[in-house]
Amino acid sequence: MSETLSQPVTLSDKAAKRISSILRSAEDGQSLRISVEGGGCSGFSYKYDLTDDREDDDLVIEKDGARVLIDQVSLVYLEGAVVDFVDDLMGQSFQIRNPNAVASCGCGTSFSV
Numbered sequence: 001m002s003e004t005l006s007q008p009v010t011l012s013d014k015a016a017k018r019i020s021s022i023l024r025s026a027e028d029g030q031s032l033r034i035s036v037e038g039g040g041c042s043g044f045s046y047k048y049d050l051t052d053d054r055e056d057d058d059l060v061i062e063k064d065g066a067r068v069l070i071d072q073v074s075l076v077y078l079e080g081a082v083v084d085f086v087d088d089l090m091g092q093s094f095q096i097r098n099p100n101a102v103a104s105c106g107c108g109t110s111f112s113v
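Reminder that position 72 of the sequence shown reads as 72 in our numbering, one-by-one numbering, no gaps.
A portion of the hints provided could be inaccurate.
[What the hints assert, rightly or not] Distance ranges between label pairs, derived from CB positions: (1) 25 <-> 82: 22 to 28 Å; (2) 24 <-> 79: 14 to 20 Å; (3) 55 <-> 88: 22 to 28 Å; (4) 39 <-> 62: 15 to 21 Å; (5) 102 <-> 29: 33 to 39 Å; (6) 87 <-> 28: 25 to 31 Å; (7) 102 <-> 54: 27 to 33 Å; (8) 25 <-> 62: 28 to 34 Å.
These aren't lab readings, by the way, just hints derived from the structure by calculation.
Beta carbons are placed, not taken as given, at the ideal position from N, Cα and C, and that holds for glycine.
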């Protein structure tokens with residue numbers, strides 16, 4: 001069984017490829033931090049940052065050269081989610097398929113629980 005399958009949050013292959021590409025052009029040692037903040041159209045919003053700050057209790061997801069950090073507070077809202085990357089006529093974006101979200105906004109970055 002793959003270690004990725006046991007993670008509370010998973011990365012799709014497309015997301016891992018895009019994150020890996022971003023990290024190759026970033027400073028050495030950086031990771032993509034995904035967090036949840038209060039605000040947005042539906043109450044909470046996803047935030048993406050490149051960072052080299054890693055906390056001891058961060059969830060670290062590594063796949064195919066991609067490294068994602070999620071803090072413990074955000075993990076409560078992201079448990080069971082899949083991070084994907086979509087490239088379509090509307091543009092390119094990371095999208096989170098979050099089973100905890102009961103509603104979301106058309107922008108794709110705001111949700112409620």
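Now for the hints, and whether the structure bears them out:
For residue 25 and residue 82, the Cβ-Cβ distance of about 25 Å falls inside the hinted range of 22 to 28 Å, so the restraint holds. A hinted range of 14 to 20 Å for the beta carbons of residue 24 and residue 79 is inconsistent with their spacing of about 29 Å. Taken as a hint, the range 22 to 28 Å is violated for the pair residue 55 and residue 88, whose Cβ atoms sit roughly 34 Å apart. Checked against the hint of 15 to 21 Å, the pair residue 39 and residue 62 fails, with Cβ atoms roughly 29 Å apart.
For residue 102 and residue 29, the hinted distance range of 33 to 39 Å is satisfied, since their beta carbons lie about 37 Å from each other. At about 27 Å, the CB distance of residue 87 to residue 28 agrees with the hint of 25 to 31 Å. For the hinted restraint 27 to 33 Å between residue 102 and residue 54, the CB-CB distance of approximately 31 Å keeps it satisfied. At about 18 Å, the beta-carbon gap between residue 25 and residue 62 misses the expected band of 28 to 34 Å.
Hint check: violations occur at hints 2, 3, 4 and 8; the rest are consistent with the structure.
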